[in-house]
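A.B. asks: Each chain is listed here by its residues.
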Amino acid sequence: MTNSLIWQSFKKTRNENRPALLTYTVAGDNTKKKSLEILKSISNHADICELGFPHNTPIADGGQIQTSAYRAIKNGIKIKNVFSIVSQFKKTKKNKPIILMGYYNIVYQYGENKFIQKCKKTKVDGLIIVDLPHPENKLFASKCKKKGINFIQLVSPTTSNNRLKQIIKDSHDMIYYISMLSITGQKLKVSPKNIIRRYNKIKALDKSKNIVIGFGITEKTIKSLKKADGLVVGSAICKEITKSIIKRQNIVTNVTNIVRRLKNKIK
Amino acid sequence: MIKLKKNIPLIDQHNKLGFWGGKFGGSFIPETLKKPIEDLTKEFQKLRKDKKFVKKRDFYFKNYVGSPTSLVKLKNLSKHLKGAQIWAKVVSEANGGAHKIYNATVHALICKAMGKKYIVGDTGAGYAGKMLSMAAKKFDLKCKIFMGAKDIKRQKPNCDAMRKNGAEIVPVYSGSQTLVDAVSECMRYWVSNCDNTHMCVGSTVGPNIFVKICGWSTAQISRELKSQIRKEFKKIPKRIKLINCVGGGSSAYGFWSEFIDYDKKQIELIGVEADGPKKSKLHAAPLSRNSKIGILHGAASYVCQNNEGQIKETESISAGLDYPGVSPIHCFLKDTKRARYTNATDEEALNAYKIVTKFEKLNPSLEPCHAFAEAIKIAPKLSRDTIIIVNSCGDAKKDRDILKQRLEKDND
Numbered sequence: 151m152t153n154s155l156i157w158q159s160f161k162k163t164r165n166e167n168r169p170a171l172l173t174y175t176v177a178g179d180n181t182k183k184k185s186l187e188i189l190k191s192i193s194n195h196a197d198i199c200e201l202g203f204p205h206n207t208p209i210a211d212g213g214q215i216q217t218s219a220y221r222a223i224k225n226g227i228k229i230k231n232v233f234s235i236v237s238q239f240k241k242t243k244k245n246k247p248i249i250l251m252g253y254y255n256i257v258y259q260y261g262e263n264k265f266i267q268k269c270k271k272t273k274v275d276g277l278i279i280v281d282l283p284h285p286e287n288k289l290f291a292s293k294c295k296k297k298g299i300n301f302i303q304l305v306s307p308t309t310s311n312n313r314l315k316q317i318i319k320d321s322h323d324m325i326y327y328i329s330m331l332s333i334t335g336q337k338l339k340v341s342p343k344n345i346i347r348r349y350n351k352i353k354a355l356d357k358s359k360n361i362v363i364g365f366g367i368t369e370k371t372i373k374s375l376k377k378a379d380g381l382v383v384g385s386a387i388c389k390e391i392t393k394s395i396i397k398r399q400n401i402v403t404n405v406t407n408i409v410r411r412l413k414n415k416i417k
Numbered sequence: 562m563i564k565l566k567k568n569i570p571l572i573d574q575h576n577k578l579g580f581w582g583g584k585f586g587g588s589f590i591p592e593t594l595k596k597p598i599e600d601l602t603k604e605f606q607k608l609r610k611d612k613k614f615v616k617k618r619d620f621y622f623k624n625y626v627g628s629p630t631s632l633v634k635l636k637n638l639s640k641h642l643k644g645a646q647i648w649a650k651v652v653s654e655a656n657g658g659a660h661k662i663y664n665a666t667v668h669a670l671i672c673k674a675m676g677k678k679y680i681v682g683d684t685g686a687g688y689a690g691k692m693l694s695m696a697a698k699k700f701d702l703k704c705k706i707f708m709g710a711k712d713i714k715r716q717k718p719n720c721d722a723m724r725k726n727g728a729e730i731v732p733v734y735s736g737s738q739t740l741v742d743a744v745s746e747c748m749r750y751w752v753s754n755c756d757n758t759h760m761c762v763g764s765t766v767g768p769n770i771f772v773k774i775c776g777w778s779t780a781q782i783s784r785e786l787k788s789q790i791r792k793e794f795k796k797i798p799k800r801i802k803l804i805n806c807v808g809g810g811s812s813a814y815g816f817w818s819e820f821i822d823y824d825k826k827q828i829e830l831i832g833v834e835a836d837g838p839k840k841s842k843l844h845a846a847p848l849s850r851n852s853k854i855g856i857l858h859g860a861a862s863y864v865c866q867n868n869e870g871q872i873k874e875t876e877s878i879s880a881g882l883d884y885p886g887v888s889p890i891h892c893f894l895k896d897t898k899r900a901r902y903t904n905a906t907d908e909e910a911l912n913a914y915k916i917v918t919k920f921e922k923l924n925p926s927l928e929p930c931h932a933f934a935e936a937i938k939i940a941p942k943l944s945r946d947t948i949i950i951v952n953s954c955g956d957a958k959k960d961r962d963i964l965k966q967r968l969e970k971d972n973d
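Respectively, the protein sequence lines represent chains A and B.
Start counting the first sequence at 151; every next residue gets the next number (the working numbering).
Start counting the second sequence at 562; every next residue gets the next number (the working numbering).
Only chain A is shown next, with the shape it has when bound in the complex (with noise of 0.2 Å):
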């Protein structure tokens, strides 16, 4: 899927030597209007967007992402909502990269390939599905990819080496390595140089892929993680949106804020 919007990312990115910065915000936090007002204006610094569809029993969310999709369910949020957030910002961002993520039952619930051909009128270009590993991912990864949408496979540090070769050739254009064993939004408990060092044997098996590292990147850290093809920043994002909703104040302009300095620092 070389023409594919993500993988254009990725190659402009490596032609500016820089790894892209991906964001993640919850699709309907805090509510659906702004939440497409959030992806608009920090999507003049990612380089691709993810959209969270939450989810109200996420078993691999920390307290910061539970909170926004907390938030954006009870402000009524719906996948419909989703949906048309995504066409909405595609009217204007048409070359952005959106990635879907969320959790399976969703997915289940509106019907696999109902979702996908969703996915494609609406011009989404990737989805992670947070509960749906590889083997058992096989057959909707295909169906996605058949309708050109990337499917996005996760690896961790418990994954085998085997697994690892099987999961590589099963990819499309991106992987997303999680940089260490936990959930979304603690602090990083892995030096930078382990985690680069374990992302490199991984890169080593296939160099034509583009594997992003999320977990645990914050302002503090991204910096030590930039040798890699891209990062993605979420609890930090949504941390600062709930900062903003107690502090009352503008939440697009602090949330722009946060990731033009992720971006500055990765530059």
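Since the hints were made in silico from the structure, they are not lab data.
What you are looking at is a predicted structure, and each value in this text was computed from that prediction instead of being measured.
Among the hints, erroneous ones may be present.
Said to hold, decoys possible - The list that follows gives simulated cross-link-like pairs (lysine to aspartate or glutamate, EDC-like), each with its CA atoms no further than 20 Å apart: (1) A:Lys337 <-> B:Glu869; (2) A:Lys264 <-> B:Glu869; (3) B:Lys603 <-> A:Glu286; (4) A:Lys288 <-> A:Glu262.
Assemble chain B onto chain A, guided by the hints.
C.D. replies: Relative to chain A, chain B alone:
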């Protein structure tokens, strides 16, 4: 049409990806947990074939858990209801006061065998947590128990016991602050600490391997029951009804496992879910109220959820049954029509408690009171040669505050 196989334990009747009947169960887990779950799966496969390990399990079941628990006829209750004979398998005699000790003991033994020093678990009614803390103490493991803040308040006696056993209780404030959130938080903790920590799931729910381990452990109940029935009646009687409450479904599976191969006309299996307060719509009854299949805590099962796939809050007087999902093996038993599932309200369970304690020297907790409610409902309509056996799987000591409050209110 999905079908049950004979002569194969139900826990082993799943396909390669871990699905019963092709659609229930599986392992919907984050990548980080793949390896620890594979390791655990391999270890369990090895251990259950290891004669030494099975001997060790049986030793602790006998000398620590206190197997066998007794099977008693409830003469006065039977006489009062004027119909079927009612018996109780008093599983609450087990060390700690409930069936949860079987699963906890086995998990502690597995944890030891894997060389891990830390064990974590979830709990609703507090029994799974209490038993895990007991087993952890017995086998010298450090123990953390995740429990919803609401449940901590309403099941204080069990919390006191956990602390006394040296376990740390981690209160969970997210969502409905009950079992569903405790299980999520426990899984999150395991994701972060799976390199040195073993996780015990408190019921026959969660990723495939946890369903299997728990079912393998509680199956002891029906092994005992089978030989007790043979002793009592010389052979297996023609009409038996085995009634059990169903939250996650671990005691029900344990109670039934030896009898699944029998014809349902001879041995009927009846599962009773929690319908919650009479006026509430938040039923914890995914099987009997025909919920759709969904994915919760790493497995596909019937789940209380909305159209979008968000998990619904449930409400029940019984913390142990207050759970929106249910074991995939019970979904399988439902779809193959081998077991029948129904429900009882809070009020019916309380009423059953009053009746049972009035006529018998038995003090069943609010969970098995749901099963007694069904027994009381159907017994008068049945012939005297019908044998109803209720699994009295928990002791009401933990419910003393709720019972005091609710029964006093009723007397006002």
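A.B. asks: Taking only the CA atoms, is the gap from Lys288 (chain A) to Glu262 (chain A) under or equal to 20 Å?
C.D. replies: Cα-Cα ~13 Å, so holds.
A.B. asks: Given the proposed pairing of Lys603 (chain B) with Glu286 (chain A), does the C-alpha separation stay at or below 20 Å?
C.D. replies: 19 Å, holds
A.B. asks: Does Glu869 (chain B) sit within 20 Å of Lys264 (chain A), going by the straight-line distance between their CA atoms?
C.D. replies: Holds. Lys264 (chain A) to Glu869 (chain B) sits at ~13 Å (cutoff 20 Å).
A.B. asks: When you check the alpha-carbon spacing of Lys337 (chain A) and Glu869 (chain B), does it fall within 20 Å?
C.D. replies: 32 Å, violated
Checked against the numbered hints listed earlier, the structure breaks hint 1 alone; every other hint is satisfied.
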